Amino acid sequence: MDPTLTAITTIDFRMYAHWIVLLPMIGFLLELLIGQYTWRKGGMFANLSIFGSMVISYGCLYNVYVQHLGFWEYSWDWFYPGIVAGFTVDPLSLAMLCMVSFISFLIHIYAIGYMGHDCAKHVYFAETALFTGSMFGLVLANNLLQLFIFWEMVGLCSYLLIGFWWHKPEAAAAGKKAWMSCAVGDCLFLLGIAIMYTIMAKHGVTTEVISFNQIFQHLEVLSSSVVFGIPALTIICILFMCGVLGKSAGFPLHVWIPDAMEGPTTVSALIHAATMVTAGVYLIARAFPIFLAAPHALAVVGFFGAFTALYASTLGLVVNDLKRIFAYSTISQLGYMITILGCGAVIGVAAVALALFHLVAHAFFKALLFLTSGSVLHGTSNTRDIKEMGGLLKGMPWTGWTMLAGALALIAFPFTAGYYSKDRIIEEAYVYATGHGSLGYLPWLFLVLGVILTATYTFRAWYLAMTGEPRSYLAVHPHECDWWMRTPLVILAIFALGLGLFTKGGTLFWHFLEETFVTATNTVSGIYPGIDLHEIATLGGNHLLEHGHAAEISPAVIYLPFFLMVAGLAIATGAYYRNRVDMSKYIKKENPLYQLLWNKYYMDYLFKDILAEKIIMTVFTFWDVLDRYVIDGVVNLMSWITISTGQVSRKIQTGVVQNYATAVIFGVSLLVILVKLLGGV
Amino acid sequence: MTGYTPLLPEGILIGVAALVILVGLFIEKKKILGYFTLIGLLASLGLTISSWNITTAYTGAPFYGAIVVDPFAQIFNMMFLFVGILVCIAALDAYGDHKNQDEFYALMLLAIVGMMTVALSKDLVALFIGFELASISTYAMAGFDKHDPKSIEAAMKYFLIGGLSSSLMVFGMSYLYGLTGSTNIDTIAAVFAENTALIGTPAILLAMVMLIAGFGFKMAFVPFHMWAPDTYEGAPSIVSSLLAAGSKKMGFAAAFRVFIIGLIAMKLDWYIAFVILAVVTMTVGNVLAVVQKSVKRMLAYSSVAHAGYIAIVFAIVAYPYASADATGLAVAGGILHAFSHAIGKAGAFIAVGAVTYMLMSKNAVDGDPNHIDNYDGLGRRAPLTALLMTIMLLSLAGIPPTFGFTSKWYLFLSAIKGGLLWLAVICVLNSALSVYYYAKVIMRMYWGEPKGDAFIEPPMYLFAMTIAVIALIALFFVPDGVYYWADAAAHALLGV
Amino acid sequence: MIPLTYYLLLAGALFTIGAYGIMTLSNGIRLLMCIELMLNSANMNLIAFSTHINDASGQVFALFSIALAAAEAAVGFAIILMIYRWRAEIDIENMNLLRW
Amino acid sequence: MIGPISAIMLTLVVGAIITLLTNSTAQARAVAIVSSFIALAISIWMFLTYELNPVTHLAFEEGSANNWISSIGIGYHVGVDGIGLPMVLLATIVCALGTVYSWSESKRPNQFFALVLLMDLTLIGVFVSLDFFMFYVFWELTLLPMFFLIGVWGGPRKDYSAIKFLIYTHIASVIMMLGIFAMYYYNGINTGVYTFDMMTLLHSYPTLPISSFWKNFIFGALMFGFIVKMPSVPFHTWLPDAHVEAPTVGSIILAGVLLKMGGYGLFRVLLPMIPNASPYFIYALALFGLVSIIYSPFAALAQKDIKKLVAFSSIGHMGFISLGVAASVAAGLEGPRILAHTGAMFQMFSHGIITAVLFGSCGVIEHHTHTRIIDDLGGLTKKMPKFAILMVAGFFASLGLPLCSGFVAEFSILGGSFQTLPIFVALAAVTIPFTAGYHLWAVQRTLWGPYNEYLGDIKEIKWYEFATLAIWTILFIVLGIYPQPIFNMMQDTATYFITSGNILPIGGIPI
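Residue numbers (our numbering), protein chains in the order written: chain P, 1 to 681; chain C, 1 to 496; chain B, 1 to 100; chain X, 1 to 511.
Calculated from the structure, these hints are not laboratory results. Treat the hints loosely; a few may be bogus.
Claimed, not checked - Subject to a maximum C-alpha distance of 27 Å in a straight line, what follows is the list of computed DSS-like cross-link-like pairs (lysine-lysine):
(1) C:Lys150 to P:Lys651
(2) X:Lys107 to C:Lys440
(3) P:Lys387 to P:Lys168
(4) X:Lys383 to P:Lys41
(5) C:Lys362 to C:Lys99
(6) C:Lys293 to P:Lys651
(7) C:Lys150 to C:Lys293
(8) P:Lys168 to X:Lys382
(9) X:Lys459 to P:Lys168
Unchecked claim - Heads up, incomplete: computed chain P residues facing chain B, CB under 10 Å, no partners named:
(10) Gln658
(11) Thr662
(12) Val664
Note that the structure is a prediction, hence the values are computed from the model and not measured. The beta carbon of each residue, even a glycine, is placed where N, CA and C say it ideally should be.
Please model the entire structure based on the sequences and the hints provided.
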């Protein structure tokens, strides 16, 4: 064996995990300060640093998965005893790390071409590098506080990158909208962390107070805590869930994602499809035992996820903006992941594995879809409306065919990545349903309905964009993208199609991930023993099934999603490829359903026009009046009273000396009377 | 110490006054007399300070115990002399080429002698004589600019109200004499002590109130204050400073002696009177000062307000629940505040005089030279005057680092020590309000737009103000010496 | 021998008249006279008391006060003279340059 | 042999006098910068060689009780501890960089720079005084330089604002003075020692047998003086006016350091008295904090003037301090209480730095575009990209972005306070989006969007503005990532305060 290779295999990359975070940060600084004077006016440092992170990540994977060196966690005390900065290397974080670093690296490569002509390229790359580093930090965090910190940092980068073309008002507005929607969730998430810190402290924990493994060790005692009369863990999980809804665009905080498409497409691909939006899913996965131990928490998670999945996919049907279609499908797919995590109440850690597998698969095909749509924009000088496209397949074959690959994966066409990930999710949702009575069937129902819609809107987009005749002059002569952009497309397409096959239908992945909580984690100081999820579940009133349950499900249920997908595909083909149906019959203002969808169920109207502009602005104006005229008014009133009193009473000083004498004499008399009355007591 | 040597300061002044008058008849260049007066005052001040803690009571011939020299008298004499020196220095510029300036110096010396006599006297007769001596001299001084209608009117009002109140005072004294059979304050106190039936009889109350009115005229208590703003505004500025800083404090000296020694037995009666007067006086003074447009008149009202602050001393001394050290601190604080107010107010009036002088020298006056508009941009037209005046106003407002702050600290501390929280609250709120009108002047001086080019600042005025400011700042940093003096005075007064 | 009370009442009456005069009259000289009246009522008190309790100091006091009254009157007349020079009248009711 | 504290004060006094005598911007600037940086150097030296005296829990102590005006027990007694020293450091940093920031001040430069130095001096005096007389004297003295800064170099409504600032805060101070008097008196009659020495009074206060009326009066009077200075709603209205009219460096010092006097008073004076205080005062303190936190974003979003917006933001941030203090003295576990307490202390330092950047940015905007009205701005990034980076950094730090010092403070306060004041913390947390809202709104309307051509051709930020803002920015980012140096120093003092038993029977969640 090659000595250098053996040398590399002897390195314990887990010890360098913090460099995964630090390298992109350094890249960020270098890009920001000197990036514009380097190769192609920026991008070099970002790409190199992220490549470095990727190498270390896969090194860690090698250590843990191949060499079985075990899970590893290490931390330093931060500003207060028990508040630490730490990194944990376990299957969960590794899965995310490898996915994020790989996709992020590809997208950076793509961006070299895509952002080639942008004048502020170095800023762009600095921000993406900062984003990627923060994402690594979020993934590697071994405690809630650090996770929250990087959670906010990715939010910051999202804000900056959405508003990267700051001179466009809608871009700036979209950035603000994104931050605000997340902030609503984040403040509650922070509150949840504060509660967690408090109850941990109440139970006498002094070291690594809010690091996950420590919390897992104390779940039994924690489950006895009560806040505001409700089990503390439930409150905490609900608050975390609010954070998740914000970051992972769950209903009703999803409204920012469509607007976020104002950013460069690479940003949409990197942040709003592949990585950042998955942070919410990752949080639930990472904190899964807490949710498991908290009564009713997972049910909430499951229902919110399922509803989001269906809700978003209906919206995808009517949008004409290519990027927004994929944005809605992102929301919907995230809904699938969250739902299966909710089903963890029955299937335990398997839920985490499934969710993460779908997350990774989704990351690949969604990044691919976005990059291809980016290439479409690039090639047709920023046409985004699919009604103005058509027949692009001729002009840009690479883009078209790779987009097809992504679309197939998205609709879970057999043997693509999505097929293995999504259909298992739906099965497990059914398993969950069987355990939870009639209401328990709702998530499963939503998911299966989502399948047919997904297939429809995805291929509606693909057919309208790629096939048929060009419907605008811009679409007549599209130009194919250069190799910087082409290469990532191809690589992503390969993974989108083949990920399932590479991982033996996902089983390798699942088995790796299912070790996560149940296996011990080594630390510098000692060892965190693995936890028994069955016990934990009983704390929250859940009881987990044993493995091998899938057998009891009738094949009808198993193959239902496939047939629905075919049906959806058929509808799309009929309507938009063969044009058997005249859609204009349905797509018209009179159609109330269409109206409802077109206006996104009036959610934006509710938030922007009613809440933001009407209610809150009224409050602000009222507040200003209060401040100016009431609180400050009292102050000014006092001075006014003083001065006007003076103005009036100065007239007593008439200047006529007799009056002064009169005053003296009356003063004497008055004083005599007063002294006689009050004195001598 | 025996003999009359403790009275040497007063003697010197009388001698100097006589000499000034006589020499003034013969020489032409009379400014030299001003310096002569100054030397006399300095010598007298030196003697007073050097013998600050002697105690000599003149029993037997020839004063029949009417005169006593004790730290209380000495500290007030020191105040009067200090003010006199400031006024005299300023007068060297103000009346340096006036043809009757010798009369001014003489009158001023006699006025100061009168004030000192009041501080020294322990007998109603002597007190009355000193009182009148000071009053009559200052009547004449108030009208010294006899071509200025305002000055005449000021003199007239001062004279009429002064005459009225002195007759009130004598009337009250006559009843006091009649009912106690003596004019000696100690004897009066003794009589009251043994014959408690007298206390609270209508006649005594009448006498007491008339005395309050008589002294209150000098101290400018509301409602006996109404002459003060007019006179202070109309009289020549340096005379106003003598009135506000000197003869006002004379009133306090008299009131301290008569009430805290003579009528201490009926303190429950004058407690009410003085509490009412104090609150009304400080409030009226401040509220009316806020709306003044003439700086001089504003200063007049502010000295009314300060009289109100000092008047709380009587309230604290008379307050039944006040402990002994509280009363001691109260009197000491009152004396200290009188002192700080004397310096600050004298300096401030001299500053006003300086401004008037500068405006006159440019004859750039339209209407009232004391109007606030003339102070716009003074910080650039006359930087030194503005700076010194600012510091003196800060001292009057009670803002560090000035002696005015320290004295207020002592005074209000004594109010809390005496347990009169509500009175202290009224005081501090008033003093916070007073900051408003002092700050107004400072604002106009420093960020108003100058109406004209720079002035030549009169050196002697500057010299006087500089002395005052140095005193104010130095006494902030080392108040201990003067505090111990005031403390000794308080003990001499309270006899504890 | 006339009882003390009569003197006191007379003095009081004089004092009141003087006070009333000061409050109502407007001629400078008259005001001066009113003040003198009040002072003298006080002197009367003093003398009456001193004879009543036969103690000399009251009379001494009275003498001093008479002398001082004279001096005061002198200054007063000087001031009124100045007023006359300035306005050719001594009606002081119209003198209110200084007010408010 | 004079110690470092006296050395700082002397440097600044001498510097101010010399500055006053100069007669050109260059000279005045030079003298001011030199002396303020000497002061900064000394305070940094103190910071590095900081070592507590285990007995008195003080460092760099100078003078002693009653050695100045022995007649009523006033002494020149100065010293610092884990909260005083960071405040001194803050004052010197902010004022030193402030002199650099106002590099091109051309109106009456000698007076201007002298006043800045005096400001520095008086503020430091407040933070080091260990004698109530000195404390109060410096407390009052801070009014004067700021009064002149607002008045002479201020905006159109400077008269109103200056006088309002003066009177409003002066009234609060005199009430506080009465509280000090009462404390002095009752200490005197009970222990026989009449002294204004802070340490003596505060040490004996908790054990004094005082009638509940006087107890409440003393505590209330002192608390009133402090919360008006912080300021806390509803006593805040002097602040926006003062800020709007003050010159930029005046605002920087006002918000950066002067407001901290109030918070400092809470820690130095109020805290040791708490054992003898009524629990309702603690609720009141918490309530004041919470009301300020909730109030400020709503008021801020209604503002047209970006400087006024920033002014309201500091009201909210100061609210966190009183909330943290209140929570940290209630009954509960020591760990979270110390965390909350230290967080409140750290908030004082961190807000001082962050707000300096905010007001510095407002100053840059005003100086370059000659307007502060948000609607007239827009797209400034086009003309001043360098400035945009700094302003974005400042505003995000102010809305509590992690890895900036503000987040460390706020998390410590929220996390530490929940055990004793859960409802308050919950309400404070849910206002965070509103805080974020007005910050983002301001940034969006100012920096993003199309460039407002009416502003004409404006220049990029000046080097001295850039340098000062950048240093402050680096400072709060470094402190956000590595807060230990200051945080642990404060933590020792907080531990000392808390463990010296200020337990009150309030609050607490059932576990």
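Cross-check of the supplied hints:
no.	hint	in the structure
1	C:Lys150 to P:Lys651	holds (19 Å)
2	X:Lys107 to C:Lys440	holds (22 Å)
3	P:Lys387 to P:Lys168	holds (24 Å)
4	X:Lys383 to P:Lys41	holds (20 Å)
5	C:Lys362 to C:Lys99	holds (22 Å)
6	C:Lys293 to P:Lys651	holds (14 Å)
7	C:Lys150 to C:Lys293	holds (17 Å)
8	P:Lys168 to X:Lys382	holds (12 Å)
9	X:Lys459 to P:Lys168	holds (22 Å)
10	Gln658	holds (6 Å)
11	Thr662	holds (5 Å)
12	Val664	holds (9 Å)
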